[in-house]
Each structure stands twice: as structure tokens, then as C-alpha cells.
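Protein chains: 4
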Amino acid sequence: MKNSPSSASSPNNPPDPARPVHELRERVRYSETDRMGVAHNKSYFEWFELGRTEFCRSRGLPYLEIEDRGVFLVVAEASCRYLKPLRYDDEFVVRVTLEEAAGRKVVFGYEIRSFPEDKHVASGRTVHVPVDRDARVCALPEDILRKITGEPD
Amino acid sequence: MKNSPSSASSPNNPPDPARPVHELRERVRYSETDRMGVAHNKSYFEWFELGRTEFCRSRGLPYLEIEDRGVFLVVAEASCRYLKPLRYDDEFVVRVTLEEAAGRKVVFGYEIRSFPEDKHVASGRTVHVPVDRDARVCALPEDILRKITGEPD
Amino acid sequence: MKNSPSSASSPNNPPDPARPVHELRERVRYSETDRMGVAHNKSYFEWFELGRTEFCRSRGLPYLEIEDRGVFLVVAEASCRYLKPLRYDDEFVVRVTLEEAAGRKVVFGYEIRSFPEDKHVASGRTVHVPVDRDARVCALPEDILRKITGEPD
Amino acid sequence: MKNSPSSASSPNNPPDPARPVHELRERVRYSETDRMGVAHNKSYFEWFELGRTEFCRSRGLPYLEIEDRGVFLVVAEASCRYLKPLRYDDEFVVRVTLEEAAGRKVVFGYEIRSFPEDKHVASGRTVHVPVDRDARVCALPEDILRKITGEPD
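Residue numbers (the numbering used here), protein chains in the order written: chain A, 1 to 153; chain B, 1 to 153; chain C, 1 to 153; chain D, 1 to 153.
Careful, some of the hints might be misleading.
Note that the list lumps identical chains together, so a pair holds whenever it fits in one copy or between two copies.
[To be verified] Within a straight-line C-alpha distance of at most 27 Å, the following computed DSSO-like cross-link-like pairs (lysine-lysine) qualify:
1. K84 - K105
2. K119 - K105
3. K147 - K119
4. K84 - K119
5. K147 - K105
What the hints contain is simulated information worked out from the structure, not anything from laboratory work.
So that you can see chain A by itself, here it is in the shape it has in the complex (with noise of 0.2 Å):
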């Protein structure tokens, strides 16, 4: 991984061009609602998941396909801070950045963004680690590593 270690821990900053990015777009469904007429604080997450879902496909490696052979990037911690409601309807972009991948762990960072209105709505942070289908904690293969970092073969 080329993202030096400031710009990893600051998913605010301008995007530095060596981090990979990935940016989907999408609506607050009617569900992902509550009572106070605004998205929930758990539906960021399925969002951040959906991001990452979409990143790894941009990188060639459906997430499938990393389960298909064995190997779980199961969360380990999860952060969302929430500047600004989304309601019912309203679109979004989801922009996933990688800011660090090794073998043991693989930390993604979220920034989601009103869409057209481009306004800052939350940032986000998971980080993951590698087990086993026997929940053991293993090493990412090499393969695959290189792959979500972008790196040539």
C-alpha cells in the first residue's frame, strides 16, 4: 500500500491520487427510515458495506470471491460520525478508500456526500481482519492483497 499514514487516518482530506477510491451512488430507501423522518444511524453501515462491496468489484475481485476461497474479512471495529441527516429519497454518494491493506488487516475509510448538493453528510471507517472458514485468524494471499491495493501482478 502506497497511503502514507497521515492521509490514511484523516478520511477528510483531499483525496491524494496514489490511494485507491471508488464511489457508488444511491437513495435512502423508505425502510432504512425512522420516526424521526431521517435514515437511521445502522443503515450508514449496510451503506459502508455496499461501498465495499463495489470496491473490491472495481478491483477485479468480487468480495464473493474472496469468501468462495475461504477467506472472511470480518469486521473488528466499525465508526460512523454523522454530520447531516439524509430523509426518504434522497440520493447519495458513497466515495470507499482503502487506507491500509496488509496481510492481517485491511482498514477501509467512508465519506458520504448528498448528491447533487455534494454536502459532507457522515464519514466512516471499518477495519477487517482475515479468519478462516474455521473463524481462525489467517494472512490475506498474496493475490488477493494485490488486488484490493491496486498493485500490478
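We have chain A already, so just place chains B, C and D on it with the hints.
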């Protein structure tokens, strides 16, 4: 099963003493409400599932043990009629009735009532088909069937 | 509504050119699966809702605008038949049909098909009743009704 | 609040008698699991919310009453560290601690422990900001603050 076909198709009838019934009490979670301020229609299907889980446990057969034996009672049909809304923190009772149980089909009926007002809030029904680990339709083992229906061994 | 009663009650018939239909494509989210490895039965009701949202938008009437006018199409009945499982990351199409639309009742039918295999995965139906901000049953305003049914103004 | 800053930032310390704590017991629902067979990462944030609800009730201040007064404790930050997985039907305890409570900020800490094994499963934290009906930041009324912190009137 001793359920008469007529009672089986009508979950609103007075409870038939021959029909196995189980009740549990829950509260509406904040995350189960939507922007209308009421429990979302999908939440009822989660409550039906809670009801099935507790029904099986009350028969001395935790649902987990059924799956541990390689049998999965997949949902083939699910339906719900919504009569009154439930709001955040409202208490309610799920009354579960085993409407039909045979080797290749199990039917549960559900009634949701407000607590302590005891008003009829919703009625539902789920039809289940036993499948094996390879998702092929199979017969429900005899001993499981006997336990679910509450018949003596 | 120009739906013939016969076609309205049978969502599996070939599409009738007189019936308003809308399609959207989605993928199964990781968070929508359960320990059986397939999309949970409740997820289908969220997808039906997505379908309704997009159906209304395609008619030039975002569902949000209906609620902004103080009319809520509450779900009075919901049902689903599950024919084949969907797994994580599977693509599928939700085909939404307006089966009935009158001042006090709106009925949508749904068909979910795998993509690109185009296999029939599930069928469903929801019945809606218009209520006002005080949750009292009301009549759907004429102009909303006309837009939903696609009738000329 | 009488919480010492040191104890407030470390939810794993032995409980400090001066810190208000509340515990509740739950089971993992089938619908809360994912294809990995364990409770999905988003479920923990719903359990934290259940914990907050019961914490407020135990203080004689049902959360609903706070919202009925036009004050909403919106989630500004949420985080969770996942140490061990929970599976379908596993019982667990949510221990809720009020880590900080001031007019414009309320912080809850959470510890999830398996039951009856009493193993540490997860730790979390949510930061809340009071807003009014127009979503503007406001001060938490004095009497609500006193009740939440358990101070004598």
C-alpha cells in the same frame, strides 16, 4: 396434527384447545419504525420469526437443533394483514399457532395484539418447506415432527 | 384503471399491455442475507417498497410528493411467495404492476426475477389504504389517482 | 455528572459505583445474522439503541417522553469494536453506561457480553446531541438532564 382444516385456515377464530399455541411479548424498537412514526411492515415478519423460534423452544426443540441436524424450514410463503399501527416502545404480544405440520409442509399462524390493551394489531401466516443442506426439499424427520406438534413420543 | 379483474389477480400471467408496469434492477446486499446464506424473507418486502417508489417516480409522481400533500399509502396487506433463493451479490429485477387503483385502495403486484438468468424467484402483492396525517382513512386525491394509473389529465 | 474522565473513556474497567449503569438481556434473532452465520455488524447498533431505551426507562424517563417534549437525542457518532462473534439464538447482555451528560452532549458506552458465559463480545460508544423539532441543536432541559444522570431533584 389435530388441527381441523377449518380452524387452520382462520387465525382469527377463538383458540382451539387442541391447537398448540405459544405467546411472547416484545416492544417496538426505534430502529423498527419508519418516517411515518410506526413499525415498518417488514418488522412484523421478523416478529413472526421470533415467535416461531420461541414456539419451537417451548416444544423442547430449539430451532437451532433442527438446523444442526441439517434440516432448514425455509419460508415458502409469508403474509400479513395490518389492522392497527404500532409505535416506538409500544408493547405487543405475538401469539403463534401451529396450523399445519406434515412431513413436507409446516404452517404457522400469528396474531399480534397490543399490550396491555389487547387490541388486534395484525395477523399473519408463514408456510415452510423442509430442505436439506443442498437446498433440496426433504421430509421432516419423524421425531422433529412429533416434537413440534406436541405429540407424545 | 383499465386492468381486467382476471389479469389483476394473477401476477404470473404474461404482461398485459394495458397494465402499467415498472422494472428496476438491484443486487442482494450482504446485510440482507441470513445464516442460511440467502436473502432473508423480510428483504423482499423492502424490495417491493423500492419497486413502488420507482413505479411512482416513473409516473411523474415521486412518492415523497404524495406524503408531502398529507396522504400516506399505508400497507394494509403484504404477501410473498418464495420460489427460488437469492444469494449475496445476486442481481435481480423487481417488476411492479399496478393491479388496482381506486380512491380508497391501491394494490401493487410484484414479480422478482433473477438477472440475467430471468428465472422467476418470487411473487408478491401489497394492498394500500390512503390515510391522512391523523391516520384516518381518506380518499386519494383525484389528480394523484390519475397520475398513478397513467390516465391522461 | 460524577464520572471521572478516566473511567469514562474506558468501558472495560470494573464498574465504578458512581457511574449509572443498566443491563438488559437479549437473544440474537435469525434476521440479525448474515451469510457468515454470525450477527451482522449493524445489529450491534440496534442493540446499543435498545440499551439506551432501557437505560432511560430505568431512570424514570422513558425516551419517548423526551421526544414528546420536542427534544431528540440524535446520534452524532457511533462506534463498535467486535471481539467475538455472536450466533443465532445466542443470549447476550448489553451493559449501558452513561459516560458523559451535559446540556449539549450525552455519551453512552456499551459493553456486550455473552450469557451465561460472560465473555466480552463487543464494546461501543455513541455520542448524542440534543436537537429540537426543526433539527436545530438545543440544550437538554435541566430536569431531563438530572433524571438521566440520576441526580436528586
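Any hints this thing doesn't respect? Which numbers, in order?
3
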